[in-house]
Amino acid sequence: NAGVTQTPKFQVLKTGQSMTLQCAQDMNHNSMYWYRQDPGMGLRLIYYSASEGTTDKGEVPNGYNVSRLNKREFSLRLESAAPSQTSVYFCASSRDRSSYEQYFGPGTRLTVT
Amino acid sequence: AQTVTQSQPEMSVQEAETVTLSCTYDTSESDYYLFWYKQPPSRQMILVIRQEAYKQQNATENRFSVNFQKAAKSFSLKISDSQLGDAAMYFCAYRSYNNNDMRFGAGTRLTVKP
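These protein sequences, in sequence, are chains A and S. If you're matching positions, the first sequence starts at 1 in the numbering used here and goes up one per residue. If you're matching positions, the second sequence starts at 1001 in the numbering used here and goes up one per residue.
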């Protein structure tokens, strides 16, 4: 039982490049989330998916797109990376949208130069 | 929008002693959850303790307990008998009862001295 897995663990991009961060969970959870963590700030919600087939914007969605590929997988795409998107990205999942507990992946450290 | 404030960027405690981390939040809602998460150097976010706003009794999990003051919008974490493994970043978080949007504070870095 791996919980929430994220790939890659580290990535360096040049400004303007695109990439997709992958997230998968094996806990049969309905809801999934993408956060970013910047120094001196807590995690901020980028997008979430309350259930398969639905996605909604969080606090900081600009510059990102998401895809809920199936119940297990929720990807985050940067179409044209900018230095302001340098951050650590966390994926999380919960049993459903009303569950209080979210389970987090190990994070992806992304640097945009 | 709800905001969460942790006013202590860094704290330190002697091993086996007790330390309290502070958190305040701003909301107009009556139903919500509050959480403390621990983030060790591995970056993994680990749920330490949670509190439902409708419960008057303070939550306790082994050496971790909270002091929840709903009227004052305060939610502090007390760690008793501190251990070296408690050293980490601690984040306070707020979540509306019917909303997926979790709001985090900026974190408190806890150092445990042997």
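Hints should not be assumed to be uniformly reliable.
[Stated by the list, open to error] Distance windows between CB atoms, simulated:
| hint | chain 1 | residue 1 | chain 2 | residue 2 | range |
| --- | --- | --- | --- | --- | --- |
| 1 | A | P39 | S | Q1069 | 23 to 31 Å |
| 2 | S | S1080 | A | P83 | 19 to 27 Å |
| 3 | S | Q1056 | A | T15 | 47 to 55 Å |
| 4 | A | T54 | S | Q1014 | 47 to 55 Å |
| 5 | S | S1028 | A | S84 | 27 to 35 Å |
| 6 | S | I1046 | A | G40 | 45 to 53 Å |
| 7 | A | K9 | S | I1046 | 27 to 35 Å |
| 8 | A | M27 | S | T1060 | 51 to 59 Å |
[To be verified] One side only, chain S facing chain A, incomplete, derived with CB under 7 Å:
| hint | residue |
| --- | --- |
| 9 | L1047 |
| 10 | R1050 |
| 11 | Y1054 |
| 12 | A1087 |
| 13 | D1101 |
| 14 | F1104 |
| 15 | G1105 |
[Stated by the list, open to error] Incomplete in silico selection of chain A near chain S, CB under 7 Å:
| hint | residue |
| --- | --- |
| 16 | G40 |
| 17 | V60 |
| 18 | Y64 |
| 19 | R97 |
It is worth saying that the hints were derived from the structure and are not from the lab. Note that the coordinates shown come from a computational prediction; the quantities given were computed from them, not determined experimentally. Where is the CB? At the ideal position from N, CA and C, for every residue including glycine.
- Broken hints, numbered, in rising order? Of the numbered hints given earlier, those the structure breaks are 2, 6, 7, 8, 11, 12, 17 and 18, listed in rising order.
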